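Protein chains: 2
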Amino acid sequence: MAQHIVTSFDEDLEHLDRLIRDMGDLAAAMTKAATRALLHADNALAQRVVSNDVVMDARQTELDKSAVTLIAKRQPMAQDLRAVVGAIRMAADLERIGDLAKNIAKRVGAVGKSATPHSLTHSIDTMAGMVLDQVQAVVRHYVERQPNALVELRDRDEKIDVHYTAVFRELLTYMMEDPRNITACTHLLFCAKNLERIGDHVTNIAENAYYVLTGSQLPVQRPKLDETQMTVDS
Amino acid sequence: MAQHIVTSFDEDLEHLDRLIRDMGDLAAAMTKAATRALLHADNALAQRVVSNDVVMDARQTELDKSAVTLIAKRQPMAQDLRAVVGAIRMAADLERIGDLAKNIAKRVGAVGKSATPHSLTHSIDTMAGMVLDQVQAVVRHYVERQPNALVELRDRDEKIDVHYTAVFRELLTYMMEDPRNITACTHLLFCAKNLERIGDHVTNIAENAYYVLTGSQLPVQRPKLDETQMTVDS
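Protein sequence lines correspond, in order, to chains A and B.
Whatever position you read off the first sequence (first residue = 1), add 23 for our numbering.
Whatever position you read off the second sequence (first residue = 1), add 23 for our numbering.
Chain A extracted, bound-state conformation (with noise of 0.2 Å):
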């Protein structure tokens, strides 16, 4: 009987971490998408990603709703109530993501054809590229149980940050050229800013996917080096 009832605690966290695991997808398809219908200007593909945001929402309540009935009902302990907390912690950051590449998308009207010069183009891309590997590799790390893994995926932010920063100048540079790029400079920066976020919010689920995983906090938080607030002053 005792048997039995373990493997059913086994059961509704298996069903949390496939919630997860869902979740991460989907945020990833999300965040590839709205970059891809940002620097090709596709607006349909930018809606799409805007009607996504509505299931990513009801995959979080799915998972709030089992988790809350899985500590009523269980009545869980120590390291498996810590694993449904951080299931619940973990949720809340994914939506989160969803949420700034729906913005993302959302700002694909605003920017348009505009002439984007092609350097520019391409920091961008390179920068999503890394923020994509992210969000797939710490849902990865945490599903395959790898705690040393996500150390390494954390730390690898900082590149995240050092790109925004040059990508932030950029965008700089082409509005003192020419008033006419502001506005779409303006909506792009905030998309860069957006991914940079996404970023954060990836280190966050390390954090806490780390915490369930070994029950100790990651070792040593990493320095911030999105330096734009503090050095940008020319």
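Treat each hint with caution, since some may be false.
The list treats identical chains as interchangeable, and a pair is accepted whether it falls inside one copy or across any two copies.
When the alpha-carbon atoms are kept at most 35 Å apart in a straight line, the in silico DSBU-like pairs for lysine-lysine are as follows [stated by the list, open to error]: (1) K182 with K136; (2) K136 with K88; (3) K136 with K55; (4) K182 with K216; (5) K88 with K216; (6) K96 with K182; (7) K216 with K55; (8) K96 with K216; (9) K96 with K55; (10) K136 with K96; (11) K216 with K136.
Just so you know, these hints were derived from the structure itself, not from any lab.
Remember, it's a predicted structure, so these values are computed and weren't measured experimentally.
Once you have looked at the hints, place chain B on chain A.
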């Protein structure tokens, strides 16, 4: 004996409420100070906001630990469990408000004493005042158990969004008028966006608080009125 247990549980919940109220007070103080620092180019005050974020993070960690301990120890059901999970969520939103205030504070140096036109200062100040009222009110309505007031409060977020759209357009105008304004205006744009996002977190808190107090979702999701993504394409 049962009475004793019930009373202790209520005390635990009151402790969570106190922590939420403390975090709410700190979030409001940080929002107010960050705006003041920005509009008066007060670097020392900005630095204090940045330092306060550490206090905010510590309070969230304390609340999370108390909540998880409470679940493990008391194994609450139904409404009580909802209150505990709700507290964890509200704390996460309050912590994010602190982050956004910190982000405004970190931009104070980059904006500097640049020749911000009086009308723009006035617009940002008005918007910040509206946001601050919302932050203070949402925690008060929750702690004083006033679900109906939360409905009205959530609806007031629309006015902030309308105001943000106006500030956004005003900032674009200043950038187009004189390229030397671009860097400062870009940082002001992020500050205005941060204020708008603080409003969104207040909405989240109102929705969670309403659910904790009533067991129902807030009636009909209001439409999102930040129109800058959709309409500014000139």
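Against the structure, the hints:
1. Within a single copy, K182 and K136 get their C-alpha atoms as close as 29 Å, and across copies as close as 31 Å, so both meet the 35 Å cut-off.
2. Proximity of K136 and K88 under a CA criterion of 35 Å is satisfied in neither setting, with 43 Å inside one chain copy and 50 Å between copies.
3. Proximity of K136 to K55 under the C-alpha cut-off of 35 Å is restricted to the intra-copy arrangement: shortest distance 19 Å within a copy versus 40 Å between copies.
4. Taking the closest pair of Cα atoms, K182 and K216 come within 35 Å of each other both inside a single copy (14 Å) and across two copies (25 Å).
5. In the homo-oligomer, the alpha carbons of K88 and K216 lie at most 35 Å apart both inside one protomer (32 Å) and across protomers (31 Å), since each shortest distance falls under that limit.
6. For the identical chains of this complex, K96 and K182 are neighbours neither inside a copy (43 Å) nor across copies (42 Å), given an alpha-carbon limit of 35 Å.
7. Taking the closest pair of Cα atoms, K216 and K55 come within 35 Å of each other both inside a single copy (15 Å) and across two copies (24 Å).
8. Taking the shortest Cα distances, K96 and K216 never come within 35 Å of each other, neither inside one copy (41 Å) nor across copies (42 Å).
9. With identical chains, the CA atoms of K96 and K55 are never at most 35 Å apart, being 38 Å at best within one copy and 43 Å at best between copies.
10. Proximity of K136 to K96 under the C-alpha cut-off of 35 Å is found in neither arrangement, the shortest distances being 54 Å within a copy and 58 Å between copies.
11. Taking the closest pair of Cα atoms, K216 and K136 come within 35 Å of each other both inside a single copy (20 Å) and across two copies (24 Å).
In the structure shown, a violation is registered for the earlier hints numbered 2, 6, 8, 9 and 10, in ascending order.
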